[in-house]
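Number of protein chains: 2
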Amino acid sequence: MSDHLVVFDIAAGPVTVKTGTLLTEAARQAGVEIVQPCGGQGRCGRCLVRIGDGKVRRRSTLRLSSADVEMGYALACQSVVEDQVAVVVPPQEKVERRLSTDRMVAEVTVPDSYNYESDQSIKRLCLSLVPPSMNDQSDDWGRLEAAIKRQLGAAFSDVTVNISLTKLRQIGQTLRKGDWKVAAMLSVDPRPSGPHDVQLIELLPGHIPEDSPLWGVVVDIGTTTVTVWLVDLVSGQVAVQTAEYNGQISRGEDVISRIIYASKDDAGCQEMQGLVLGTINHLVDRACKRAKAQPTELFKCVITGNSIMMHLLLGLPAATIRLMPFVTAVNNLPRLEAKEVGLNIHPEAVVDCLPGVASYVGADISAGVLSSGLDDSKIVNLFLDIGTNGETVLGSQEWLVTCACSAGPAFEGAGVLHGMRATRGAIEEVWINSQGWEPVYRVIGEAKPRGFCGSGLISLLAELFLTGIVDKGGNFKTGLPNERVRRGEHGLEYVVAWAEETHYGRDIVITRVDVDNLLRAKAAIYAGFTVLAKSVGISLGSVEQVLIGGAFGKYINVEKAVEIGLLPDLPWDRFQFLGNTAVRGAYLALLDRKMRARIQDIASRMTYIELSADNSFYDAFTSALFLPHTDLALFPSVVKELSQIKAPA
Amino acid sequence: MSDHLVVFDIAAGPVTVKTGTLLTEAARQAGVEIVQPCGGQGRCGRCLVRIGDGKVRRRSTLRLSSADVEMGYALACQSVVEDQVAVVVPPQEKVERRLSTDRMVAEVTVPDSYNYESDQSIKRLCLSLVPPSMNDQSDDWGRLEAAIKRQLGAAFSDVTVNISLTKLRQIGQTLRKGDWKVAAMLSVDPRPSGPHDVQLIELLPGHIPEDSPLWGVVVDIGTTTVTVWLVDLVSGQVAVQTAEYNGQISRGEDVISRIIYASKDDAGCQEMQGLVLGTINHLVDRACKRAKAQPTELFKCVITGNSIMMHLLLGLPAATIRLMPFVTAVNNLPRLEAKEVGLNIHPEAVVDCLPGVASYVGADISAGVLSSGLDDSKIVNLFLDIGTNGETVLGSQEWLVTCACSAGPAFEGAGVLHGMRATRGAIEEVWINSQGWEPVYRVIGEAKPRGFCGSGLISLLAELFLTGIVDKGGNFKTGLPNERVRRGEHGLEYVVAWAEETHYGRDIVITRVDVDNLLRAKAAIYAGFTVLAKSVGISLGSVEQVLIGGAFGKYINVEKAVEIGLLPDLPWDRFQFLGNTAVRGAYLALLDRKMRARIQDIASRMTYIELSADNSFYDAFTSALFLPHTDLALFPSVVKELSQIKAPA
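So the sequence lines, in the order shown, correspond to chains A and B.
Read in order, the letters of the first sequence are residues 0 to 648 in numbering that gives the first Met the number 0.
Read in order, the letters of the second sequence are residues 0 to 648 in numbering that gives the first Met the number 0.
Please keep in mind that the hints were generated in silico from the structure rather than gathered at the bench.
Just so it is clear, CB atoms sit at the ideal spot from N, CA and C, and this is done for glycine as well.
Careful, some of the hints might be misleading.
[What the hints assert, rightly or not] Pairs of lysine to aspartate or glutamate, EDC-like flavour, derived with a Cα cap of 20 Å: (1) B:K476 <-> B:E445; (2) A:K593 <-> B:E437; (3) A:K166 <-> B:D265; (4) B:K593 <-> B:D196.
[Unchecked claim] Residues from chain A shown here face chain B by an in silico Cβ test under 7 Å; the list is partial: (5) G141; (6) A145; (7) N161; (8) L167; (9) R168; (10) G314; (11) L315; (12) P324; (13) E339; (14) D600; (15) A612.
[What the hints assert, rightly or not] Computed footprint of chain B on chain A; a stretch qualifies when at least three of its residues, placed anywhere within it, have a C-beta under 8 Å from a C-beta of chain B: (16) 11-17; (17) 68-80.
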């Protein structure tokens, strides 16, 4: 194997790599950022580069026309270096680094019942020790441990307080520096049976005022967005909320792409881990600066997220999650320490990763169910997280069933020609005039439109259907007296915004292919809860409350979602939008040991139904591939609406 | 501060150091070994070097004559670099690297009662798991944990099996590599109350024959000698015994010197830790080679040693141990992992450091008491570890009192002009003819004599006293018709070996100063158990058994030791020599959970009596500063012997 020089036009200098190295890897070594939304599978075509001088071997040109290839274009993730080569990197479409905060900050009130003394597992004790003397020669740790146990109370007389070797090396100096007055930060966890599990996390010289903040942090790792809340454990108040795109996005937009990227080799796994850790640590730093806290003053972290995010954060192998029979490495994670996870908070802070149920029903759902209150409800609830995995829970305080329906990323703006995330420039709502078929739309951030976000697509599809532009099978009606319906590169399409109105100066359209993708996505979700209801022998009509979680869910228009058959046709007052239920559930678990125990209980109580092994799912799915559904009897309100609208036409 | 070039004649190259750097530090940087038996205090004079070119500032010349200073000699540990300087390093007296094994290998029989199934905390389970399928999608860890708990039995149904993140990352691959047949190595510890503490240490693909060895290791860190036993936990057999001088010797021969060296700065502390770890890891490697085992196959390590050795091994600050009121950082160490300690065995192997009682009554004594059986004895026992600290325990199954008497290192051959350790060339026994005052002696290893070891000194002192060469106050009798008693550089002395008989070609003598040191040492030990007996209101005569521990104790001649008043005057059949009781106790703790619990019980039951705070100790000490004692009524057998010997004279 020989070495070859690779020159990227935008790199600081050339790099030398071995025969067979991928251009993406060479770029990484050269410090050049090349986005790989599909995780390096050659599927998305976003890592396009142009070969200036020299040659590469193209493993796949799936996304390239022969003209592209002739012009020297290549996919960096599919191009193998075999000779000296010069590469031109086109400007990469940057992920906007700051989320619009008004869409992310949730109103959080501290639960009325929260009582720091009885509920919180992190304790701060101010201790005054009797100094050693010739009459009392106890060892430093023995002296300190006895004082801790005394202050914790009689129930702790049999407990052994745990301490790390690192901390043991420091306590002597701290005790003397504080003149035997110290503040001890402890984690005090009840065990299922027997004595408490007590760990000394930090010892500081001197005493600390009782009401000064004691920091904990909540992390929700979404596939797209990472959310961090900084919480004062004494008052229970959320001091800072902050969020950022998950740094892994550049290596895969959906979870499957990320698994593939992370499973390539150890470096891929470590890179994925480093990317999300980078995002979290950056957010924690930002939150600390705002609250004027030091990251080392954060003594506890509760983490939630789907199973794939959890595996990638911890460097756990995720490959088996996407292969039959779809198993995770671990659902119930042991208590970890910040330093082994790589979080830049107190190195011995407790890191509590919430439990998941299955490969595609993760800790975000366990936490979501808690914060929705479903597990404690006397009535039948349907809990939905509308997204790529379409996690669904049906149940009450008596029983819980769950499934994940592989909806695909259409509702997250991917797999749709002009789809995008719900950021500045996204069309989030569309209205179409049923007479002249002209649209009106609303854009996020008062900007020129750049594409559609999920709620925009739902709204648009409903309007296309109600106004007859597409039929119940998703076929565009030709011959309408409006030039917006036309034949484009991808077949029939409808133009929502003309080039001159838009940010990029090109028409924004929805195509037949897009409609099909949306139909499959909504059919999968509808089929999911249909199967759940059937499995427990109830009808969807008997669902008394529909709880919609996920940051995205918050912006769905129920009416439109029912019109396309994404949500069941129930009275509107049965729908509730809960926003990011995962982060709220994790927040409750951070505050209150009883809530944490309830999440554990939820995870173990949920009966998981594997849809890909369920014959009835395929039937339900194909029946739901229509607008709103094959069986119109399931959607009486839509039938009524159609009759009203179509009448004047 | 400027930089100065320092050139050591035996170094590979010069080093550059800042003004104020000690020569010993410069030597370390230059890779030159300079021994510092006193720990760099300028007391022992063993780090003598000669300044060739340039100058140093001498902080202390305590050990140098003005002639020495004029000739350019300096103590490396007391010489500060202030200018460019060239240093000549005289050949360093090397510690002999191999101990004579015949003196170290103990006969060990596996306790009859040992039962691997019920007693051993390390378990090896061979598991056959049902592979995951679409009907059973449990996560890998959930599947494995359930199988472990099933095999451990019904008592473990409520237990959570602990596992490290590192191990979690590996189990998936191991399970599949072994085709769902695996061997799990677990640590299963009972807690004081509640469920067991179970940890998965290692998972290997495939099954392992039931009777194949499962390795554990015992480490006894003596101030002088480190002993390592490699043990098969299934059979209980000790497969290999090996020992080596403690690598810290070059930085201090006694514990006080070591504390001083380690407390200088972080580098000193880390160096001490590194030195003893080096010794242990070297011994473990050697033991593994002999047993054809891999170090990573060692899953448990039990460590014993005095408190100072334990602190220095773990990098714990030891400075407070030697300062009033003499407290340790920690007596009861938490369970540690090999990787945090720095032991080159399985990185997650359990490291169990046995508990100590006080600064100068360490885990070696807790373990020693266990292996002596004293704590379970119906009669009153006296347990002695004759050495620098003279740890003493008095008691029975009903009560235990302990103390440490600062005897000094005389019995270990230090602080005596021609003292040495019990290695090749050491005079270990002396007989003196009571008529002509001519000596006969026995040397270890059939070699020419080089000096006296501890047992040789006891024997010699007894003979000097019985033959009247020294009186009961330790004064040499002048005017004897034998040229062996003469006035030397250090006052009166007795020549045991003439220059031509010896290894170094110089007379081997015992001086008045040596005798005084020995008197103080034996008086401290005698006073120690006198005070203990008094504290519980019994007479020494009621001691029914004297148990003498320590590798050194094994070679003491009871008769001689009683004659000098080191041991109480009791019938000889009440004395038992137990050899290295510390390593035996640790071995029992490695095998049997009940034994480990008993050591904990011993450590907590022992009432420590601080002699330096005890007025009666000073009285007892001064009374014992005579041969055999001020109160001859305490030594009837010696009185009788004296009358018999002196009669013919």
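> Hint check: is the beta carbon of R168 (chain A) less than 7 Å from a beta carbon of chain B?
Replying inline: holds, 6 Å
> Are K166 (chain A) and D265 (chain B) close enough, with their CA atoms no more than 20 Å apart?
Replying inline: Holds, at roughly 15 Å.
>> Under 7 Å is the threshold here; is the Cβ of G314 (chain A) close enough to any Cβ of chain B for the hint to stand?
In response: Holds - the Cβ of G314 (chain A) comes within 7 Å of chain B, reaching about 6 Å at its closest.
>> Min Cβ distance, P324 (chain A) to chain B: is it shorter than 7 Å?
In response: holds, 5 Å
> Does the structure keep K593 (chain B) and D196 (chain B) at a Cα separation of 20 Å or less?
Replying inline: OK: K593 (chain B) and D196 (chain B) at ~15 Å, within 20 Å.
> Holds or violated: is there a CB of chain B closer than 7 Å to the CB of L315 (chain A)?
Replying inline: It holds, given that the least Cβ distance between L315 (chain A) and chain B is near 6 Å, below 7 Å.
> Holds or violated: is the Cβ of A145 (chain A) closer than 7 Å to a Cβ in chain B?
Replying inline: Violated. Min distance 11 Å.
> Do at least three Cβ atoms from the segment 11-17 of chain A come closer than 8 Å to Cβ atoms of chain B?
Replying inline: violated (count 0)
> Are the Cα positions of K476 (chain B) and E445 (chain B) separated by 20 Å at most?
Replying inline: violated, 32 Å
> Measuring from the C-beta of E339 (chain A) to each C-beta in chain B, is the shortest one below 7 Å?
Replying inline: At 5 Å from the nearest chain B Cβ, E339 (chain A) passes the 7 Å test, so the hint holds.
> According to a criterion of three or more residues whose C-beta lies within less than 8 Å of a C-beta of chain B, is the segment 68-80 of chain A covered?
Replying inline: Coverage by chain B is violated here, the residue count being 0 at a Cβ distance below 8 Å.
> How about G141 (chain A): closest beta carbon in chain B under 7 Å, or not?
Replying inline: G141 (chain A) check passes; min Cβ-Cβ to chain B is 6 Å, inside 7 Å.
In the structure shown, a violation is registered for the earlier hints numbered 1, 2, 6, 14, 16, 17, in ascending order.
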